[in-house]
Structure formats: C-alpha cells, structure tokens
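Got chain A; can you put chain B on it based on the hints?
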Amino acid sequence: MRARTLLPVMAAVALLALVPVLAPPFYANLLVPFFGYGIALLGFNLLFGYAGLLSFGHAMFLGLGAYGAAVIAGVLGIKHFEVVLAGVALGALLVALPIGLLCVRYTGIFFGMLTLAFGMLAHSILFKFYHLTGGDSGMRVPRMRILGLEFADYNKIELLAGPFYYYCLALLLLAGLLMWRIVHSPFGLHLRAQRDNAQKAGYLGVTVGRFRLTAFVISAVYGAVGGAILGFRVGLADPELVHWTHSGHLVFMTVLGGFGSFLGPIAGALTLTLLQDQLQSLTQYWRFVLGAILAAMVIFFPRGLAGMAGDLAGRLRPAKREAPA
Amino acid sequence: MTSLIETRGVSKHFGPFCALENVSIAIGSGEIVAVVGPNGAGKTTLVNVLTGLLTPTSGQVFFKGHDIAGVGPVALAKRGMARTFQLVQIFPGLTVAETIAVAVVSQQGRQWRLLSQLSGNADVDARVREVAAIFGLERRLQTAASMLSQGEKKLLDVASAFALAPEMILLDEPTSGVSTAEKHGLMKTLLDAAEAADVKAIILVEHDMDLVATYAQRIVALSEGKVLADLPPGPFFADPTIIETVVGKRRSR
Numbered sequence: 001m002r003a004r005t006l007l008p009v010m011a012a013v014a015l016l017a018l019v020p021v022l023a024p025p026f027y028a029n030l031l032v033p034f035f036g037y038g039i040a041l042l043g044f045n046l047l048f049g050y051a052g053l054l055s056f057g058h059a060m061f062l063g064l065g066a067y068g069a070a071v072i073a074g075v076l077g078i079k080h081f082e083v084v085l086a087g088v089a090l091g092a093l094l095v096a097l098p099i100g101l102l103c104v105r106y107t108g109i110f111f112g113m114l115t116l117a118f119g120m121l122a123h124s125i126l127f128k129f130y131h132l133t134g135g136d137s138g139m140r141v142p143r144m145r146i147l148g149l150e151f152a153d154y155n156k157i158e159l160l161a162g163p164f165y166y167y168c169l170a171l172l173l174l175a176g177l178l179m180w181r182i183v184h185s186p187f188g189l190h191l192r193a194q195r196d197n198a199q200k201a202g203y204l205g206v207t208v209g210r211f212r213l214t215a216f217v218i219s220a221v222y223g224a225v226g227g228a229i230l231g232f233r234v235g236l237a238d239p240e241l242v243h244w245t246h247s248g249h250l251v252f253m254t255v256l257g258g259f260g261s262f263l264g265p266i267a268g269a270l271t272l273t274l275l276q277d278q279l280q281s282l283t284q285y286w287r288f289v290l291g292a293i294l295a296a297m298v299i300f301f302p303r304g305l306a307g308m309a310g311d312l313a314g315r316l317r318p319a320k321r322e323a324p325a
Numbered sequence: 001m002t003s004l005i006e007t008r009g010v011s012k013h014f015g016p017f018c019a020l021e022n023v024s025i026a027i028g029s030g031e032i033v034a035v036v037g038p039n040g041a042g043k044t045t046l047v048n049v050l051t052g053l054l055t056p057t058s059g060q061v062f063f064k065g066h067d068i069a070g071v072g073p074v075a076l077a078k079r080g081m082a083r084t085f086q087l088v089q090i091f092p093g094l095t096v097a098e099t100i101a102v103a104v105v106s107q108q109g110r111q112w113r114l115l116s117q118l119s120g121n122a123d124v125d126a127r128v129r130e131v132a133a134i135f136g137l138e139r140r141l142q143t144a145a146s147m148l149s150q151g152e153k154k155l156l157d158v159a160s161a162f163a164l165a166p167e168m169i170l171l172d173e174p175t176s177g178v179s180t181a182e183k184h185g186l187m188k189t190l191l192d193a194a195e196a197a198d199v200k201a202i203i204l205v206e207h208d209m210d211l212v213a214t215y216a217q218r219i220v221a222l223s224e225g226k227v228l229a230d231l232p233p234g235p236f237f238a239d240p241t242i243i244e245t246v247v248g249k250r251r252s253r
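Chains as they are written, first to last, in this note's numbering: chain A, 1 to 325; chain B, 1 to 253.
Extracted from the complex, chain A is given alone in its bound form:
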C-alpha cells in the first residue's frame, strides 16, 4: 500500500480507536452501524466502482446478514458471532449465485432494475411470511458471545461501545485489507477492463460473465457481514433493512464518498452516519437536507468526498515540489 493511502488510513484508524476512550458511549455506539455499512460498501463498490454494475437491490444482502443472525443465534440458539458471520457469508454465497447468474447477463439500467426487482421480492417475502419472519415486527437478534467471550458484566450499550466496537473496527480493517488485495490483483484488473470495454476485454481473453458473477457474489458476502453487524447492534432483523430505499441509502453513501476511489465509500458511510445523526437532532426535515446535499455533491463534486480530497492534495503537492527547485 502506498504511503499516500496508508498514512491517512492509519490516522483514521487511530482516531477511531480512541473514540470509545475519549468520547461518551453514545458516539461509539453511533459508529457501530458505520462499521457495518463500511464493510457492506467495500463489497458494493467492488460491484459498482470496479465492475461497473450499479445494484439497486443490494440491501437484500444486508437483510440476509441480519435475518441470518436472527436465525442462527435466535432460532438455532448458536450464540457465537463468529458462527453467525461464517453462516451468513455462506448463505449470501448460495443466494447470490443464482440471482447473480440471472442479473450479470445485463448491464446498466437493466442490471439495476433486475436487482431492484429481486430486492423488492425479498422484502415482500420477509413482510408477508409472517409466521416465519415475523412480518413487519421482524425477528429478534439476541446478544451473542464474541470471540467466545460472554462479557456478562457489560450491559448492551457498554458491550456495543466497548468490545463490540473494537471487534467491528478490526473486522472493517480485515475486510478492507482483503478487498484492497482483490482490487489490485490480476482479477481486479480484468474486472476493470470489462467495465471499460466488455467487447475488447473478451478478445483479450477476459471471461466477462464469470468475472461479473464473482464480483456479485463477493459483494453479497460483504453485504451480509455488514448486515449481521447492523442486526447485532439493533437486536432486531427488520424488513425495512431490505426495503429498496435502503438500497438507495447504500448508493447515496457510495456517491457521497466517491465510487471512483477505494476509500470513498467508507468515507461516505462515516459522513452520512454522523451527518444523519446531527441533522435528525436539529430538524425533522433532515431527509430534505440530505437530498439537497446529495444533489449538490453530484452537480459540483461528482467524484465525491474522495475526489475533493484528491483535488485538495493535488493542489498542495506541486507547491511542495516547486519549493526546492
């Protein structure tokens, strides 16, 4: 990893690690969903930014993670978060394979609409099969052991703001490192090649369909892991997690942060999590303000926060270089 990327990342990790120590538990608790979204968006951006496929149904995989946690820990009673993570990752793999096989034959708006349709289908199944899924009241996600430890002395808020916070930070780092390797691998190169020009890529030996499907499945697994974190935090798997507006929320965060960059979507998730909290305490019209911000970003900074940061760094750098010359 280059120093240009590594230094800001290390600074951000150090800052995040200090939050539970320096800030009231409220803030650490607020940031737990950010970790969930951060992991989900790493996957989402493999599909969107690197493979060029914009899904409007990606929330179904976050829902799969949360409902999977409810089933494994609640129904089956296996209250170990690691088992839940492995289980939902496997579940996402099995669900994403057939859906992906159908969807990746299409690109652009057709891919978007097809994923939207599958997302709505998933929502209606969760909503209507009341006896299985609890319908609109959802399914309870019980408290689980993490790394085999009970943390019996901690109440839920203390658990979330302490051990679980660090656990999620570590998961985000691990997921980020893994994704960094994936996008910089030969696989990542072929993925970007088919995004830019599928016909030319085919003649250079890129098996376009298989690459898209693999990206779809990996992004689903990341989504489910993120969803499991969201479910653990709220203690509930709710059908609203799967609603298409939640898929829109993922797109919002990605565009806000900048889908052209590796770290952009994570920056978007962090910004939106903090912004939403602040706006909600200020005004009941917070959705209106968020909408205005997104519109302004798309018009004035289409490359998102990451693009803004890049431009800023670019302006500062030449000044430094010119000084000694």
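Keep in mind the hints are simulated off the structure, nothing from the lab.
Heads up, a few of these hints could be off.
What the hints assert, rightly or not - Derived list of chain B stretches under chain A, where covered just means 3 residues or more per stretch with a C-beta under 8 Å from a C-beta of chain A:
#: 1; segment: 66–74
#: 2; segment: 86–98
#: 3; segment: 101–107
#: 4; segment: 112–119
The beta carbon of each residue, even a glycine, is placed where N, CA and C say it ideally should be.
For chain B alone, kept in the frame of chain A given last:
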C-alpha cells in the same frame, strides 16, 4: 502447407439477406492475406465468423484443426487468435501498462488469482515492457489510455492484441483514421511486431489498395458475399474485371 485457419463452404444468412455464400478460404502458416471488397461485400461478417463471434448458417470454420464456429472471443484468444477493430478500442480507465497487462494476465493464466498483487509481479511486468517497447509505448506506460493521442491509442489497441502472443492476428483496417503519410510507418511497425512476436499468419482487412499491394502475399476479394478472387497481388492487379468490382466502385463514390 497445412492451413492455420480454414472455412469450408461457409454461408451466413441474416433473415432473407445472404451476407456470405459458400465461402471457402484457407490461410497457412507464414502468410499475410488481405481481405478486400466494396462496402457490403461481407468482409465484416467474414471477420466475425473467423473470430468465432458469429456461427455460420452452414459450413465449417477450423482454426488449427479445431471447429471454432461460434466459440466466442475468449476461447479463440486462448487458442492463439487475436484481433483488432476498425474503430480504436481502449479501456479509458486503465493506463497503458494496465491495458497491455490485461492480455498478459490472460495469456499467463493468472486472472483468477484474487489475492496475488499485480504491481511488482516481475513476470507480468517484464512482458508488458517488452510489448510496449515493440510499439514505442515504453515511455507512456503510466499514462491513462484516454489521454493518449489517436495514433497512440491505435498502437495500444494493437499492442494489447499482440500481448496475447497469438499465432494468428486479424487486423481490421489497422490504418483507418491514420494520415496517408503515417500509414506505411504504422504497417511497418505492425509487421515488425508480428515478426518479433512470432505471429505465424496475418489477416488484413483493408480498403487501401496501395497497402494491400505493398504488404499482402495473397488477396481474397469478396463481392456480394461470394469469393470473387483468391490470388497473389501480381495476377490480382492484372485482372481488370476484379479491379473494376473491388476498386472501381470506390473510385466512383
């Protein structure tokens, strides 16, 4: 001489329209064959049949003895055939080095290594530099493909096809969009590169009769989907009826 690629009685119909009718040609190792013909003669259809993109309505296509009808571009790339397009095809978001590396990764079979890192991979890197040097792109390796000049984009397009180390390459109007003065320079670069890369046969689809006369060892002329002539340049240009059909129409435009 055993043929590298061969069509036997290939016909291709699009509904009632017959684009190719009973086309039988064979191209052997060491040959540079030009495919010529007026617009609508079936050149593009023939190219698409030869590159496995279209399945012929009847007849067979063999590449190195294997039936390749409709197998698709990826399978052909693996078997040793590369092509370039009339309109320049690049990956706008990739650098020159990355564009060439796409083909190198395919050729070396590394594309499913999800966790190995591309940067610093000596095998890929060496091959990328080698190919870039043949096409004079070695100083542009880190430039985004979208920032290259039109001529450089053309070279990059062809360079990436050569990076597959193909046995046969199909060049679809390689000099289109290039100024008359630069055409021969580009053709020489391509042929030198083909020799350096040990390419065994070249199919050249070309409108420019000057280039065809200079570089082709054999000329296949198509007219209305049929093979009008399959001759070396000498007899080809000596036959006024063929020239009338192939070139005359272009002059009268």
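Hints, one by one, checked against the model:
no.: 1; hint: 66–74; in the structure: holds (count 3)
no.: 2; hint: 86–98; in the structure: holds (count 7)
no.: 3; hint: 101–107; in the structure: holds (count 6)
no.: 4; hint: 112–119; in the structure: holds (count 8)
Checked against the numbered hints above, the structure violates none of them.
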